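Single-letter residue listing:
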Amino acid sequence: AQSVSQHNHHVILSEAASLELGCNYSYGGTVNLFWYVQYPGQHLQLLLKYFSGDPLVKGIKGFEAEFIKSKFSFNLRKPSVQWSDTAEYFCAVNGGNAGNMLTFGGGTRLMVKP
Amino acid sequence: ETGVTQSPTHLIKTRGQQVTLRCSSQSGHNTVSWYQQALGQGPQFIFQYYREEENGRGNFPPRFSGLQFPNYSSELNVNALELDDSALYLCASSPPNGGGNEQFFGPGTRLTVL
Chain A
13 AQSVSQHNHH
23 VILSEAASLE
33 LGCNYSYGGT
43 VNLFWYVQYP
53 GQHLQLLLKY
63 FSGDPLVKGI
73 KGFEAEFIKS
83 KFSFNLRKPS
93 VQWSDTAEYF
103 CAVNGGNAGN
113 MLTFGGGTRL
123 MVKP
Chain Y
317 ETGVTQSPTH
327 LIKTRGQQVT
337 LRCSSQSGHN
347 TVSWYQQALG
357 QGPQFIFQYY
367 REEENGRGNF
377 PPRFSGLQFP
387 NYSSELNVNA
397 LELDDSALYL
407 CASSPPNGGG
417 NEQFFGPGTR
427 LTVL
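Chains A and Y supply the protein sequences, listed in that same order. For the first sequence, my numbering begins at 13 and goes up steadily by one. For the second sequence, my numbering begins at 317 and goes up steadily by one.
Bound-form chain A, shown alone (with noise of 0.2 Å):
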């Protein structure tokens, strides 16, 4: 079965300060990755996601994700947060054998200081 690590639970950062927030997963088989924000009130939402092609990619607002297969991991990144950056990170995982099945991690909660 695949499993999602998400290994920071609760991230504080001061605006403009860097963000990374690790993903690892156990399925060794083809994957698509995604990292969903989830707001305060508000529903998730995609903030980017990896099917193939460059490893490297770029979401929404900033946001950015290394995809390396070699350590099974899909790290999210951002150069300078925001106070409005604010929220629950989700790292999820489908393909293989689990199908369309969306396994998540455990989520990061991200509180930037203003």
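Just so you know, these hints were derived from the structure itself, not from any lab. On a predicted model such as this, the values are computed, not experimentally measured, just so you know. Don't take every hint at face value.
Okay, the calculated bits of chain A under chain Y, using three or more residues with CB under 8 Å as the criterion [as the list claims (entries may be wrong)]:
1. 58-66
2. 115-122
Just the calculated beta-carbon pair ranges, DEER-fashion [said to hold, decoys possible]:
3. GLN357/Y with SER26/A: 37 to 47 Å
4. GLN334/Y with VAL23/A: 34 to 44 Å
5. THR321/Y with TYR51/A: 37 to 47 Å
6. LEU68/A with ASN395/Y: 27 to 37 Å
7. TYR51/A with ARG338/Y: 22 to 32 Å
8. GLY34/A with PHE376/Y: 41 to 51 Å
9. GLY344/Y with PRO67/A: 23 to 33 Å
10. SER26/A with ASN387/Y: 41 to 51 Å
A short, non-exhaustive set of chain A residues, derived as facing chain Y with CB atoms under 10 Å [stated by the list, open to error]:
11. ALA13
12. ASN20
13. GLY41
14. ASN44
15. PHE79
16. SER82
17. PHE84
18. SER85
19. GLY107
20. ASN112
Ideal placement from N, C-alpha and C gives every residue a C-beta, glycine not left out.
The hints should help you fit chain Y onto chain A, whose structure is shown.
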């Protein structure tokens, strides 16, 4: 374009009761998935419906059941409610050409079981 909608937004039930949650998929989307998100955790896949048939199921007991209608809307039914069923229930829809890989989430229904 109307996004995924869910009803009701909040619901309170007691142990042993039954509940039905509803989801309208985004326009043009024919696949619907349901997820359970317990407090402080990532969403967990319950099941997926495609062309009115169950198309994959997560590790949930049979008292969790669903339906998909010809207009692609869907219901999630939970019988014999338990306290641990208290959670946010998310519906996600997928477009036909995406093969279910990219899922668009609704705002969720928060179920409290007393």
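Numbers of the earlier hints that this structure fails to satisfy, in rising order:
Numbers 3, 5, 6, 8, 12, 13, 15, 16, 17 and 18 - these are the hints that the structure violates, sorted from lowest upward.
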